[in-house]
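Residues 1 to 550 (full-length UniProt numbering) make up the sequence shown, in order.
Be aware that a few hints might be false.
Quick list of in silico lysine-lysine cross-link-like pairs, BS3-like style, CA-CA up to 30 Å [stated by the list, open to error]:
| no. | residue 1 | residue 2 |
| --- | --- | --- |
| 1 | Lys-407 | Lys-342 |
| 2 | Lys-306 | Lys-200 |
| 3 | Lys-342 | Lys-306 |
| 4 | Lys-342 | Lys-200 |
Quick caveat, the hints were computed from the structure, so don't treat them as lab data. Because the structure is a prediction, the values reported are computed rather than measured.
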Amino acid sequence: MQTEPDNAKEVKKVIKKGLNTVTETQKERERERMEMDAANKEEQQHQQQPRPSPMRKMVTVAAIAAGVQFGWALQLSLLTPYVQLLGIPHKWAAFIWLCGPVSGMIVQPVVGYHSDRCSSRFGRRRPFIAAGSAHVALAVFLIGYAADLGHLLGDRHDRTSKPRAIAVFVVGFWILDVANNMLQGPCRALLADLSAGNQKKTRAANALYSFFMGVGNVLGYAAGSYTHLHDLFPFTSTAACDVYCSNLKSCFFISIALLLGVTAFALATVHETPLSELRSDAVSKSEGSEREPFLGEILGALRSLKRPMWTLLIVTCLNWIAWFPFLLFDTDWMGREIYGGKVNKGRLYAMGVRAGSLGLMLNSVVSGFMSLALEYLVRGPGGVKRLWGVVNFLLALCLGLTVLVTKLAQSERTFATATPGNGEALPPSAGIKAGALLLFAVLGIPLAVTYSVPFALASIFSNTAGAGQGLSLGVLNLAIVIPQMMISVTSGPFDDLFGGGNLPAFIVGAVAAAVSGILALTLLPSPVPDLSPAPELSPSSKPANVSGSK
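Work out the full structure: start from the sequences and follow the hints.
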């Protein structure tokens, strides 16, 4: 017979066992609840994960590059000779182009910073794209009518220099470069948004942008090389505007129509979801109770750059030191060094400029096809950096060969006998012209890579670091505009120091391209590959931040 203490012990054991059972059940339920919460949270995050947009939307946005580049091609092929016709000496013509790098250094980071935070109901990037297109149209009008406005303000035809026309031209050119930077940065940022961090889509989007740049270049250089385009716009010929000037105006009218057309179509078919107040609050909280000023954020972004991004900036900077002298003076090189012409004297210079426009058109055709092949060429070991390094060596070789072609043209040049006493040389032989045009065409290969690979790498590196696309592309733009400023300030006086030609700047470019190629192959890291392929979207799916077409 059990005693009372024994019964009490049994009761305590039963109670303790029951309590343990209840505790275990509660723990099990709590564990299940936590697992369910974690699963729900993971599912929510997965549902909120940005998805790449359909390729057709990327094509539509990238097509804006054709409109932008059409006008840019006209600048490169016609405006340097045009400003010299207005009375600006060759050694000072480069300073006119200084406004592009200066505006790019200021405008693109500012626009990128604010477009990352824009809470407009039209989206983050689209308002800047629309404003940029409108200002490009205004600027092109001012440039085209600079001679007419200068004449209206008091310029005289019998004087070589036309200061009022030059002033109108410079104002229009500054507006044009500011507007181009306001337009191109958000376009590339929108393409990065549409890619949603997927590396393959990012490379494809930037390759498409480069392809349409080639399309715009082909159209622009074709228009610039056609000397009777002004016949389609007879109102462009005025007392203050000769055939060359009226042809330039006609080209710019087409440029305005093309840019506004492709921009309107893109804005009407690709719609962004506005940055919500909730998202803005989250960004504000993550940045601290007080938002850091813009300049502070730019400096902070530069200080916090990782080694891959710094290497990218250095390689890009050297790459553009190589490119900008040729892009600035390529048609002038054809007119002066290859054809032996002189500005405002005789026909050879104008013939050389038109031949240079043809060369730039060939360059753009090759660049366009190269852009389509980029995605296949970057596959394999070393992919992107190997490709960039190799084409930089090709760029260095081509820039070096400009010296050989120039010397051959000078050595075979003879004075015309049909018109004695005019002191003007004959045009170069077919072989010399073919050699110069071949250099233009081959340079389309590295140009396609320059217009695509750095921007794709910047987008990929910024995704890894969690930075805004607009600000990251604005920082990359600093590596483009700073060398352009250096070349704009120094190339004219530097060339004048060595006799007034374009070759010294081309040689400096060749050396910079070779160094850029070495750094790309040895120091530039390859981006970490995507861990998983991008999910395919159903027709009804909508990517983050971009709504379906209406």
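Hints and how they fare:
With a CA separation close to 17 Å, the supplied pair Lys-407 and Lys-342 stays within the 30 Å bound. Restraint check: the Cα-Cα separation between Lys-306 and Lys-200 comes to about 22 Å, which is no more than 30 Å; the hinted pair holds. Restraint check for Lys-342 and Lys-306: not satisfied, since their Cα atoms lie roughly 49 Å apart, outside the 30 Å limit. For the given pair, Lys-342 sits about 49 Å from Lys-200 by alpha-carbon distance, which is inconsistent with the 30 Å threshold.
When the structure is compared with the earlier hints, violations turn up for hints 3, 4 and for no others.
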